[in-house]
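**Q** Starting from the known structure of chain E, fit chains P, V and X onto it as the hints suggest.
Number of protein chains: 4
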Amino acid sequence: MAVTWFNDFYKQIADSPLSHWLEVLPAQIAHWQKEQLHGDFNKWVKLLDKLPKTQPSKIELKNKVEFGQVEDINDYTQKHITGLLKQFAPWRKGPFDLHGIHIDTEWRSDWKWDRVKPHIHSLKDRYVLDVGCGSGYHMWRMLGEDAKMVVGADPSQLFLMQFQALKHFNPSPNNHNIHLLPVGVEQLPELKAFDTVFSMGVLYHRRSPIDFLYQLKSQLRKGGELILETLVVEGDETTVFMPGERYAQMRNVWYLPSTAALTVWMQRVGFKNIKVVDLDQTSIEEQRATDWMDGQSLVDFLDPEDNNKTIEGYPAPLRAVIVAQV
Amino acid sequence: MAVTWFNDFYKQIADSPLSHWLEVLPAQIAHWQKEQLHGDFNKWVKLLDKLPKTQPSKIELKNKVEFGQVEDINDYTQKHITGLLKQFAPWRKGPFDLHGIHIDTEWRSDWKWDRVKPHIHSLKDRYVLDVGCGSGYHMWRMLGEDAKMVVGADPSQLFLMQFQALKHFNPSPNNHNIHLLPVGVEQLPELKAFDTVFSMGVLYHRRSPIDFLYQLKSQLRKGGELILETLVVEGDETTVFMPGERYAQMRNVWYLPSTAALTVWMQRVGFKNIKVVDLDQTSIEEQRATDWMDGQSLVDFLDPEDNNKTIEGYPAPLRAVIVAQV
Amino acid sequence: MAVTWFNDFYKQIADSPLSHWLEVLPAQIAHWQKEQLHGDFNKWVKLLDKLPKTQPSKIELKNKVEFGQVEDINDYTQKHITGLLKQFAPWRKGPFDLHGIHIDTEWRSDWKWDRVKPHIHSLKDRYVLDVGCGSGYHMWRMLGEDAKMVVGADPSQLFLMQFQALKHFNPSPNNHNIHLLPVGVEQLPELKAFDTVFSMGVLYHRRSPIDFLYQLKSQLRKGGELILETLVVEGDETTVFMPGERYAQMRNVWYLPSTAALTVWMQRVGFKNIKVVDLDQTSIEEQRATDWMDGQSLVDFLDPEDNNKTIEGYPAPLRAVIVAQV
Amino acid sequence: MAVTWFNDFYKQIADSPLSHWLEVLPAQIAHWQKEQLHGDFNKWVKLLDKLPKTQPSKIELKNKVEFGQVEDINDYTQKHITGLLKQFAPWRKGPFDLHGIHIDTEWRSDWKWDRVKPHIHSLKDRYVLDVGCGSGYHMWRMLGEDAKMVVGADPSQLFLMQFQALKHFNPSPNNHNIHLLPVGVEQLPELKAFDTVFSMGVLYHRRSPIDFLYQLKSQLRKGGELILETLVVEGDETTVFMPGERYAQMRNVWYLPSTAALTVWMQRVGFKNIKVVDLDQTSIEEQRATDWMDGQSLVDFLDPEDNNKTIEGYPAPLRAVIVAQV
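Residue numbers (the numbering used here), protein chains in the order written: chain E, 1038 to 1363; chain P, 1038 to 1363; chain V, 1038 to 1363; chain X, 1038 to 1363.
Careful: at least some of the hints might be erroneous.
Identical copies look the same in the list; a pair holds intra-copy or inter-copy alike.
[Said to hold, decoys possible] Below, in silico cross-link-like pairs of lysine-lysine (DSS-like), each with a Cα-Cα straight-line distance of 30 Å or less:
(1) Lys1080 with Lys1312
(2) Lys1080 with Lys1229
(3) Lys1204 with Lys1090
(4) Lys1071 with Lys1259
(5) Lys1229 with Lys1083
(6) Lys1204 with Lys1254
(7) Lys1101 with Lys1087
(8) Lys1083 with Lys1259
(9) Lys1309 with Lys1346
(10) Lys1080 with Lys1204
(11) Lys1154 with Lys1080
(12) Lys1254 with Lys1048
(13) Lys1071 with Lys1101
(14) Lys1161 with Lys1095
(15) Lys1101 with Lys1123
(16) Lys1090 with Lys1154
(17) Lys1101 with Lys1048
Hints were generated in silico from the structure; no laboratory data involved.
Pulled out of the complex, with its shape left as it was, chain E reads as follows:
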């Protein structure tokens, strides 16, 4: 089932600074549709198609992500929507409010946004990229800050579905200015066009953080801003930790540098004005199981005796936010 979700994006960028993306993206998407669809993809698309059309009386993106109020729909419709959305579980990043339905996600991503936002350049009228955007919670918040265009990149198809489900409920014209693309960072051409690039929660999953930093840099126009969030450890300029097969039960975790070491790396790649603006050990209040994500969560991945350690005995997740310019 070929979806045409991305054609509007092509249209929007054809005469924008992002137009060079057309040289590779439509071919990548076509290949993805032919060769790489998730086994449940068609089922998911059918579920999306069942979502009822509503008329949200209020939309809020500035302080939270909310489409419509409870009064806009009847009880039956609310239950219908809830039932459909639950089929896209687990919901990890959020929360979202939808006509009185509170999608209580594993993460309080709004808390992170509150910590990040004070430190970044205003997004107003900017082209913004979010690499590893997940289901797009922060993208909506960026749109709420009046970005000109918000583009997310994340290969997970379930996240794409969650994003499209939310997008379904946004009747505003700015819905043309927010797009999630199912591609990985390594598929992005060197656009050198974005005013702001976010990448939160990705670097520690990369085998080559230096190449990853170059990729992020190559998306930014001269003078553009990077907001990078990743797992770090305490230490000096030469401290870099690499766990074994699993870290807090996650597979595929590679380098956890100190913020000082990460700063050296970023300088080496060519970033300037590198500032650590936030450092936060994730609490079990910020990441936890909910009705919308009923699997294991952080509390299960920490040492029950000592929450400052992971179950493997490593330092518990400590996340830094770094802001820098090109």
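**A** Structure of chains P, V and X alone, referenced to chain E:
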């Protein structure tokens, strides 16, 4: 010098039946801009940039191709425009009228249009492709018939310049609906989307007419119409002429079938309702040297003793127009 | 099941005029082994592995293709071999003699060889290519003429098996000098290295005979010789017949030129000294059903009332052999 | 000027465990010859062609690298050879002795070999790869240990010339068993075929040491041995140093882990039995300017006040040799 002429086309097709073209075209155009530009390309673009902005009081595409009247501009401007346009000589297909400037081209392409038009399906609201469109004379006539979108494909960069020069003088909104792309037929993906495909004057230049017919067919939607014009010879179903190195001084001429043989080929490829609607030996009034094409023309390529023969002794150019459906 | 049959070929050509083939062939073969194997391929390879090792007391390639005599093996072994080889039916080109087993193929390919051989340059010490070699009957005859290396190209995997089965019984050192590669002519790089190229029974299956002739030419060194055999029709320089969907029940038959028209084509492509050395209407004695090919054969494809016509009413198969130089 | 040096390698590997290399290498070499030759390449090849043919009375690879004795040639010839070889300066890895000519290279690579050799599996009858082989000094020593085949990979074309110059003077049959290929490690297919892989002096030049370790691993057969030499720093499992733009004046130096951190990385990639067998701070006796390398050397790159520091103030070069199995 990277031109952005094609971005508007990308925008127009992003949500059209032609959207799949985006999977290959922007990459082809980018490659063309990097690797394949004509030595005079930048000079030509600068000439185009010098064309003054005018306000045409009248536009005529239905019975001729005319942008603006002589009264719209002063004498100096007319001379200026004429001087610029002459630098794009030789002008082969036309004629065009531009604020009183009569671009008298080598070919009276309007005569051909008059012979073809009565036999084809109305172009109103149709997606139309012209393979081997030259400088685009017939494309303007197609637009004059209210086609929804007219796309020409021709790799010649001089023709592209001539086309863009004309396009410069068309202030109508339908200017978004006419585009010449510098690509060859072998670069087109199987779009299966056009309502009408024209190919006039190309088949005899192809080493493999069967593959060419398949390529044309693959551009048409089910039920779409092909208008094919090519050189033919007299004869029955088994008559196919191939000249030596040159035919009427042209290099690169391959198969000249009889209309009967060509009909067999088209049937074999899967065309239906194949009709020969015109057969015309080109006259030296229809193809001749002019002020805008001052080189040799048909009269020089025919046997001076016998205008029914080429200078090489072959049958003089006889052109058939065939209409068929997919 | 990856076969290593071609490694010996790589070894043989690494320091030969064919060495440039290594730039594409091993990759093509690897792709073929991964993506394009026939459903019965593994079964066939297992059958090949069951063929007993014999010690042929006599090998004859000069006047016929024979490996071993009946006395070299016992009755049981002969039956065993026969049973295995029958599983590779239908056997089309031959005949072959193997320790007293007479593989009586559909075609008397030896008759064709007898008609062709007198007209060609001696093959002694030459690099020879056979495009569309089938199971390789003529390749063995070429080896019998002391060619330095005989290479066949044919994508049919059953033919490859039949060839490998025969090769199994050849203990001579010249077995290193004969190789069948499962590739089509369009996969061959421009080697410009062969002294002699044969292509018998292929041209009429090509959609573009001109491109095919260029491909054959690009395999030949300057001064090399082409032996081309194809279906033709009676007629003059402008006679070219194209049948409908089927010709003598064969699908995929395209151009049948007269020998005069074919000569024009070959001149145009750059061949010299073009000579029609044989013209032969295939008899029902030369192509017929046998114990080793028990399906329909020529007699079933001809008009029962008039053997000069095919069952579709076209002229019966007439085959020309043309010899030319580059 | 297309060289045919590699055809013998293709021949040697066609029926070896390395045969799959043919699927990519000849195409890479052809591309290299067409697109990537050094500006002096043709000049260098002409110099090589001028090297006289000699008859070495003695060849020594076991304890040093020596081809021929002074008595084998006359004085004029010795001067001629010396003059030619000097044109390939700077000579970095060695030393080599050639008919009494002592090529005194920047590095005493023999000292390194003496430190490494006691700790590795015997090379007898093994397929050996040297990634980043330079001019191939250690390759000759590996051949001296009776390796079955020694293959070096290094993209530097000057090193290739130096190697070919030496190879020119080796008349032994084992000259077919030693080959330097001008390719980078990222161009190697996953051969999983070598018994022993060396990589000395490369890892610190890689932006992604993890990917590099995977590439090395993918060259080794199950049970094969890696000998890895790289720059390290003192420290524990979380110590990883990254210099600024230059380290000891070298550009392009990235990660310098402690041996403990490097061990963690290698475990993560899947190596076993990881042992640090040597740790050595490079002395100014081991790396220094000579008649054959008259530029700056180590002494110029160290802090004149404190030879334990580089001129940039970083820890002076400390090199570890690590041996591990797959």
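**Q** Evaluate each hint against the coordinates.
**A** So, going through the hints one by one against the coordinates:
1. With identical chains, the CA atoms of Lys1080 and Lys1312 are never at most 30 Å apart, being 45 Å at best within one copy and 48 Å at best between copies.
2. Proximity of Lys1080 to Lys1229 under the C-alpha cut-off of 30 Å is restricted to the inter-copy arrangement: shortest distance 28 Å between copies versus 37 Å within a copy.
3. In this assembly of identical chains, the alpha carbons of Lys1204 and Lys1090 lie at most 30 Å apart only when taken from the same copy (12 Å versus 43 Å across copies).
4. With identical chains, the CA atoms of Lys1071 and Lys1259 are at most 30 Å apart between copies only, with a shortest distance of 23 Å across copies and 36 Å within one.
5. Taking the shortest Cα distances, Lys1229 and Lys1083 sit within 30 Å of each other only across copies (27 Å), while inside one copy they are farther apart (37 Å).
6. Taking the closest pair of Cα atoms, Lys1204 and Lys1254 come within 30 Å of each other only inside a single copy of the chain (29 Å); across copies the shortest separation is 39 Å, beyond that limit.
7. For the identical chains of this complex, Lys1101 and Lys1087 are intra-copy neighbours only, at 26 Å inside a copy versus 52 Å across copies, given an alpha-carbon limit of 30 Å.
8. For the homomeric pair Lys1083 and Lys1259, the shortest alpha-carbon distance between copies (28 Å) is at most 30 Å, but the shortest distance inside one copy (43 Å) is not.
9. In this homomeric assembly, Lys1309 and Lys1346 come within 30 Å of each other (Cα to Cα) only across copies, at 27 Å, whereas the closest approach inside a single copy is 33 Å.
10. Proximity of Lys1080 to Lys1204 under the C-alpha cut-off of 30 Å is restricted to the intra-copy arrangement: shortest distance 18 Å within a copy versus 47 Å between copies.
11. For a Cα distance limit of 30 Å, the shortest separation of Lys1154 from Lys1080 qualifies neither inside one copy, at 37 Å, nor across copies, at 49 Å.
12. Taking the closest pair of Cα atoms, Lys1254 and Lys1048 come within 30 Å of each other both inside a single copy (25 Å) and across two copies (27 Å).
13. Taking CA atoms no more than 30 Å apart as the test, Lys1071 paired with Lys1101 passes in neither setting, with 37 Å inside one copy and 46 Å between copies.
14. Taking CA atoms no more than 30 Å apart as the test, Lys1161 paired with Lys1095 passes inside one copy only; the shortest distance there is 21 Å, against 43 Å between copies.
15. For the identical chains of this complex, Lys1101 and Lys1123 are intra-copy neighbours only, at 20 Å inside a copy versus 62 Å across copies, given an alpha-carbon limit of 30 Å.
16. Within a single copy, Lys1090 and Lys1154 get their C-alpha atoms no closer than 32 Å, and across copies no closer than 47 Å, so neither meets the 30 Å cut-off.
17. Only within a single protomer do Lys1101 and Lys1048 lie at most 30 Å apart by alpha-carbon distance; the minimum there is 29 Å, versus 33 Å between protomers.
In summary, the numbered hints that this structure violates are 1, 11, 13 and 16.
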